Amino acid sequence: MDLYEFEGKALLARLGVPTPPGEFCLDLEAAIRSGESIGYPCVVKSQVLTGGRGKAGGIAIVESAGDLAREAARILTLEIKGQSPAGLLVEGRAPAGRELYVAVTFDTGTAGLALLFSLRGGIAVEEDAAQLVRIPVSVEDIGAVTPAWVAERLRGALDERDLDALPSETLDTVARLFANLLSATVAYDLELLEINPLIASADGLIAADAKVVVDDDALYRQSDGLVVAARPLPTPLEQRARAASLNFVDLDGEICLMANGAGLNLSLLDAVAAFGSTPANFLDTGGGASAAKAYEGMRILQDRGADDPGVRAHLVMLSLAITRAREAAEGIARAVAERPDDPVPTFAVVHGTGADEGRRLLEEAGLHVAPDIRTAVEWAAAAERRA
Amino acid sequence: MGFLCTKQTRVLVQGITGNFGRSQTRLMQGYGTRIVAGVTPGKGGGEAEGVPVFDTVAQAVEEAGPLDASVIYVPAPYAAAAVEEAVESLIPLVVVITEGVPLHDEMRLRHLTRSRGVWMIGPNCPGILVPGDTSLGMIPPGSTAPGPVAVISRSGTLTFEITKILTDNAIGQSVCVGIGGDRVIGRDFADYLRLAQADDATRAIILVGEIGGDAEERAAAVIAAEIEKPVFGLLVGRHAPRGRRMGHAGAMISGNTGTIESKEVALKAAGVTLVEYLWELPAALECFAD
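Going line by line, the protein sequences match chains C and X.
Here the first sequence stands for residues 1 to 387, numbered as in my numbering.
Here the second sequence stands for residues 1 to 290, numbered as in my numbering.
It is worth saying that the hints were derived from the structure and are not from the lab.
Hints are not guaranteed to be accurate.
Said to hold, decoys possible - If the Cβ cut is set under 10 Å, some of the chain X residues that face chain C in the computed set are:
(1) V36
(2) P77
(3) L112
(4) P126
(5) R154
(6) D168
(7) D182
(8) D214
(9) A269
If you're wondering where the values come from, they're calculated on a predicted model, not measured in any experiment.
The beta carbon of each residue, even a glycine, is placed where N, CA and C say it ideally should be.
Same shape as in the complex, but just chain X (with noise of 0.2 Å):
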């Protein structure tokens, strides 16, 4: 059992040709991962960063054989067709990107994705980084080491500051994962729970949430029945003004939802280590140091 994807994993990209959809390439190529083909309306027959171009998943599919996962780097407006055309494709793991996906398409998305048994990371996500293995996304591979504890978070660059301060205190990871910081996403922290509590190099869990909506509550009900490998949480936001919009579409107090402390009462009471700074993590990790 691992995290989605390897280093045999075949990657298609979506938004290939644009500015940062072939910087993101290369950063990925970097890293080893397999970019197999990539896909821009309009600029099929072309090729970007040694990868061939072509304008439909499915002509993707048709030239370059079957692919495994997708990452999206389309402008939001295009975003759910680009899924769209990924499902029908039967590439089973789509990572979105895109961040300002309309609500709507995000909750057709979901349902679309789950009911055809596509993991879809994100939308608003860096992606998943497998330490010494596989990337899919922008999570800088220099911040990351190889270890036994999964890093699963709702933020983007937050995660990044995660992994650096984890790998600066020789605590290594067995995946870095942003699942998206928007309020309808295509997995849970539930669903991510679940593989970390199933793949063998994962022997403790770090769950970084946030504030707004009830995702770590509902997290908190999963670790309590079905997690045995130890959780620890850092929530972010806690002095965070209520009503407004913090960044994220989903990080916003509504009256008594999405409160830091709701989310305290329910992860504690489901056995969650909780440190309330992102520098306590490496102190309160320490037994998973090499």
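Bound-form chain C, shown alone (with noise of 0.2 Å):
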């Protein structure tokens, strides 16, 4: 889970990180009293979970509270790439001085995490990624990483020129930020801890950004204050999807799609495109498909389609390893049961333990049960709503 740059920089702050004054406003009312306390000029900034905020006009320095009203209230209900703010950040301004990079991130590659420096933060690092020095950290070495340990690998990774630029002090302070970041993405269970721009003043460092991702199956042991704000609102059917554990991705296609078990799904968006149609979503039920999962699955599909008169067949794909072919079959044959009008029709593809009883009850519903995937693709994309 992305966190907002607010609750980024409150975690920051737990870490002794030092972040300009700022407080977080769920309206003008509340960002004008702030702007008070804080004193101008100082910085509007939305609160969404995307970058090129500035760009889009989701930023603004503001000299007085007159200022403040006019451009809070507008950074209020601007839209920036599809998403309404969930408030706004007002805060002092940084002050001016060298703009850094720093970064933790998880590493793919070495199955660890890496360090990430540049001497040219700010935008200029989305411009350029190769320039970032990148010191992999093995898992074996994380709980030994030092300071000095930074150091040394930052005084070896930077060229001649950098070194120059970056006063000893500096990166020395700068490998004790990293040390302290490091034990921190371990113990808060991040997959990114970034700070960019990472201000290097004649006051010492401050972090004017903060960009951090939570590992989502971690946070069942990690919600304590890291999360404050509500997040964006899923749509009904994303919401629907997620009360019954199944993990639903709308897309903007013809056939609506549900199999148990996600290289399953991804096979079978390919599988639409092979027949030159599209998906118009993703719907994994996890490997095994219980009744309840079934039908709730089945219920989506139906609603994804109802109002749509893009989709024109529903698929379902079912490759069962326990003997529950016959639960997840009378799951959706009681959804297509409770829905005789439905005017999209419904194929499926049943295998597995079970299978043969799966189909039976599946063609009883008035399903159109194919006997591979290949043929049930083919039936779904040649068919049409009913009027």
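Starting from the two chains in their separate frames, assemble the complex, guided by the hints.
Structure representation (structure tokens):
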């Protein structure tokens, strides 16, 4: 899960990393009060979970209360890449100084972590990621990393020009910061902890922005105070899918898909394209599709297709390991029976233990049961909505 | 040289008393897997599916004798502790079926198992099945048949479909293994490719990859350098949207990494024969049919 900037900065504050004084504000009144207490000039920043806020007009420097009221009102209603802000961060202006980039990230290639550093932070990093210094940290080393260890590697990795530009004292402070961020990455189950820019000013280092990604699978043990603001409301279908522990991704095509397993779903997306059609969604019930999950999944497909005249077919693929084909088929058959007027025909493939019984149940419920994926997709791609 | 396990492998099931653990134990027993003990903390002294249940792995080893493998069905928050227990008791093969294990736990477990010489399959995997021999996990035996093709896959249920379409076309398998769908797993494609190269029963290899990460690119490097047997590849998720997590934690394209195109280029350069859709596999592997 991505954290909002203000949540990321609250984490940095916990770690003792300096940030500009700031307050998260849900509405205009709160923003005006924050402006008064922080003083002018200050900065109003949209709290959205996407990059490119500055370019989109989501960040404004304001000189007065009148300024702030006008800009805050504008930014509160400004959508950025389709996202409405969760609120505003009103904060003091960061001091002038060199803009650095520091991050600790999960590193797929080594299945460990990596420290990332650049002397040219800010938006320059996004434009040229190749100039980042990358210091891999193996799982074995994480516990033993000290500021001196980081400093030595930074000195080894930076070229002479960069070393000249970075006072030795600043480099040692950056190394201490890295050691701190590294242990926080482990302690808080983070995938990414990025400060860009980190401002090296006369008063020391100050984090002017924060991007933090928490491992979704670890949220159960990390909810404590990290996540403060409400997340953008998912669509009603996404909410229902979430409540039923289904993984649903809405797409914009012609065939509604459901399968038990991620790889199977991915292969369906590809198969649909092979027959010149497009998927309307991705719906993974997980490896074992219970009757309840299959039922709710089928209902979601029906609702996804009901008001979208572009949807021409539902396609359900079950490949079951345990004797559950009957169970999943029962759930699907029940949902189909409850909607005799569904204008979208449903196609199915059932494989695995007890598949014969599952197929029979679905055929009795009026589904078109195909012997294999290819045939099912071929049928679905040629299907038409009933008038 | 075989594939990690045989009929003789003495198997422990951790999390044996849950619904899932029980039904999976029955399925494996039905295939002839030699399950000699189960562990569920707090359920020691009981029995599940005719198998004695212990509170800890150490007790299981003490009472039931040495164990060659453990299949783990415990819930995600306890999976790391379960693997650590198995490693402490010197079990050389652990199969972690559990989905949703935290990333940092997985990083730790990968390092722990590899440094102790333990082979960890998964997490988030369907396990391994050696057709005609044994099954550790949940691959449906009915869709498999003994033969010369090693199926090595990042996916779970897609693996079942692939073994089925092969079996339906008289192409048997020397092994079917789902290596795990997460970003960090115990053993990579590379490790399994080397086993397949060394295995006498294996004459060809199918590698099933998907979008996200760089596992296929790293596999390609090993194939080019070390694998002499023919390798066939199927990559899924070509038409998935970018930046969305598609079921598997590992299946996500971010920026320019994890794309099908990058994987295709790497595998083709390594001499892998790629098919675009799973139904093209039987024709591509026709010469390995019975």
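Consistency of the hints with the structure:
1. V36: Nearest chain C Cβ about 22 Å off; hint violated.
2. P77: For X/P77, the interface hint holds, since the closest Cβ of chain C sits about 7 Å away, which is under 10 Å.
3. L112: holds (9 Å)
4. P126: Check passed: Cβ of X/P126 comes within 7 Å of chain C, closer than 10 Å.
5. R154: Holds - the Cβ of X/R154 comes within 10 Å of chain C, reaching about 7 Å at its closest.
6. D168: holds (8 Å)
7. D182: holds (9 Å)
8. D214: Because about 6 Å separates X/D214 from the closest Cβ in chain C, which is inside the 10 Å limit, the hint holds.
9. A269: Interface hint status for X/A269: violated (18 Å vs cutoff 10 Å).
In terms of the numbered hints stated before, the structure departs from hints 1 and 9, listed from lowest to highest.
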